[in-house]
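Colleague: In order, the protein sequence lines correspond to chains D and C. Using my numbering, you'd call the opening residue of the first sequence number 1 and step up by one each time. Using my numbering, you'd call the opening residue of the second sequence number 1 and step up by one each time.
Just so you know, the hints here were simulated from the structure itself, not pulled from any lab data. Hints may contain errors.
Stated by the list, open to error - Label pairs and their calculated CB-CB ranges:
#1 D:Gly-386 x C:Leu-39: 32 to 42 Å
#2 D:Glu-57 x C:Phe-89: 53 to 63 Å
#3 D:Pro-152 x C:Gly-181: 56 to 66 Å
#4 D:Pro-152 x C:Val-202: 50 to 60 Å
#5 C:Leu-112 x D:Leu-47: 31 to 41 Å
#6 C:Val-40 x D:Ser-66: 44 to 54 Å
#7 C:Ala-123 x D:Pro-454: 40 to 50 Å
For clarity, every value in this text was computed on a predicted model and none was experimentally measured. No residue lacks a Cβ here, since even glycine has one placed at the ideal position from N, Cα and C.
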Amino acid sequence: MAVATPAVTAHAVLDHIHPEPTSFVRKYVFSIDAKVIGVQYMITGLLFFVMAGLLAELIRIQLMHSDGKFLSNDTYNAVYTMHGSAMVWMVIIPLLTGGFGNFVMPLQIGARDVAFPWLNLAAFWMFPVAGILLFGAFLVGAPDAGWTEYPPVSLQGPVGTNLWCAAIFLIGISSTMTGINFIVTIIKMRAPGMTLTRMPLFVWAQLSTAALSMIATTALSGALLALFLERVFGVPFYDPIKGGSPVLWQHMFWFYSHPAVYIMILPAFGIISEILPTFARKPIFGYKMIAFSSVAIALVGFMVWGHHMFTSGLSPWLQLSFMILTMVVAIPTGIKIFSWVATLWGGSIEFTPAMLFATGFLITFTFGGITGVFLAAVPVDLHASGTDFVVGHFHYVLYGGSVFGIFAGLYYWWPKITGYMMSSALGKWHFWCTFVSFNGTFLPMHWLGLQGMPRRYATYSPAHDAVFWNVVASCSSFVLAASTLLLFINMWWSFRNGKRAGANPWGARTLEWMISSPPPYYNYKTVPTVLATPYDFGNPLPYIGLDSAEGAAATPQSTAGHPAPVH
Amino acid sequence: MAVSVAGHGPDAHGHALVHDEVIYQETRDIRLFGFILFLVSDVVLFSAFIFAYLYLRNTIAPQWPPMLNGKQLPRLDVAFAAVNSVVLFGSGVTMHFAMENWKHENHRKFDLWILATIILGAAFLGGQGYEYAHAAIGGWSGSIFGASFFTLTGMHGFHVFVGVIFLCVLWWQTKRGVYDGTHHFGLTAGTLYWHFVDVIWVALFYLFYLF
């Protein structure tokens, strides 16, 4: 890449700067600035995280006794249904795509905003509306068929199930809109010189995720529409009495919801890929392998939904195909894990809270991934399906993976978002309390499940020390909830006592750290030109054309006079 | 167009028109890409229901058309639907001519062709309404036949309805001078959408009437 001809394409649109909003409403409520929308997603998502987390505590209180009388059976069913639905659709997906995606991705590609800012605004405001619809179901009779809402139970469920359909449909449309917006932004609006293989890995992860959101989510919309029509107008799709098929719902639901698993984990992979090289002070190991394995996971992710249906009467040949394809997912995932470990190898590692959560992620996510390979094997799944083993498995992936990724990302980008540092000591307490209590909560579920403890039951048999291990899990979950408070205390602390962050407190090298914290509403005064991947620690920064004040704020290194690295 | 422009080199203000043209083209490419992705996600929505229909028909139903209350449901009337399909496909042809005439700035011919498209689209909807009134397959909620037929063709009809509104708005916009012979993103998107609706109907016509 010659410095003399920086522009790969003309990119005149990159020069466009929105007028600065002046009123409070245009600046913070109905803003079209992707950064503000990202923060709105984060605030809303964390609020729902607290609500859905409290629902989880109700489940754990109930299970402290084998003949639990804390909640009625119906209420218990409603509570775990709402916990799962809210955590998946109102917390993890919006935080990772809408939240971090909107704040970080445009900054990382050197853009001033996403491709369709008004679409972004509309997509965000569907999210709180969907959340209110979902939690409003408690007022009219909450859905109680589990977050998967299998018919025929969901057809007979209380009237709140209609609200559930509407809420998930709405958040699905929002997710599709965000997916389209992000794909166009990433493909069309990168800074000059930022070829696909010079994009930060977080951007690669968002691109793969956006493709999944765009394609898979409309299939869920179809399934939900059919469920809604059947519940409200009696249009037969799923009811076997009228010739429909409950298994049809399972196919349509999992055709979305398995890719949704990757929607929930790929952005977390991206966050980890940013944090590990920064705090190991080493170039990322296997940049291209990490980038392409995200795409591979997204592709294979469309062909494995049947592994959720091994007990639903698939033909053995289909079971075998789904089993093998599911195990294939372990290959690109393993490539990522090995690349991350190799990134750490020999690095000068600094254990900031973000790095602790990223390292914790490596352990807990890998554990959850391996139990996932167990469950992919048909014979194991037939035994473990519907037990606490499955609950343990997906909490290791979704809490130990996605939520740890969210925590890591929050600690990492908090100085960029707010301009203030969080307390490192408090952050370390948060990590260690979370890590220990997380394992205390979900590890016992594995052997409880293998011994036959069913999920979604309000009572259980006290045989095999089941009560003891459930009490261990419950007490750990109370600590887990309390330790999450430390995060919120830390946020409050940073506004009161935190030092000003400066442009680049971590010495990171991606573009967002080259400008002030928080970034100005137009992001970049001048659009930079990118000469190489951002992870070459030890080389000069690969950017030219940044406003000189911006560059000086970020790093004492200067790029002037250095030859451009060739890739 | 750009409220504040920075970083495009010292001589750009001297070439404001060229710069505006570049911005127009890039904005058009970005919007067109986004619009095509929207159509792709819409295809998935139809595919979900088509999958549901084929799954229920081939895997679940013992025979097709299925029984309802002990009586064999009839097949759909192919002849009428074929005529109605020709009306819709014809509207795709007239839309093509409308677009070509717009590009060659024959505004009078454009008016005629887009009017023809709108009328044919509305006629298709009318034909579909007639067919709904006369299809003796037990109604929307009677059986899986009615469920998949009325839901899928209803969704498609809704798309045609939106398309007719879309074309009316575009026509009104041309009268307001929004587009010219080379700057007509809205018309391009409208044409794409209209052809998309046509293509979906090809699949539905085969699956419900011929298959």
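Colleague: Does the structure break any of the earlier hints, and which numbers would those be?
Modeller: Numbers 4, 5, 7 - these are the hints that the structure violates, sorted from lowest upward.
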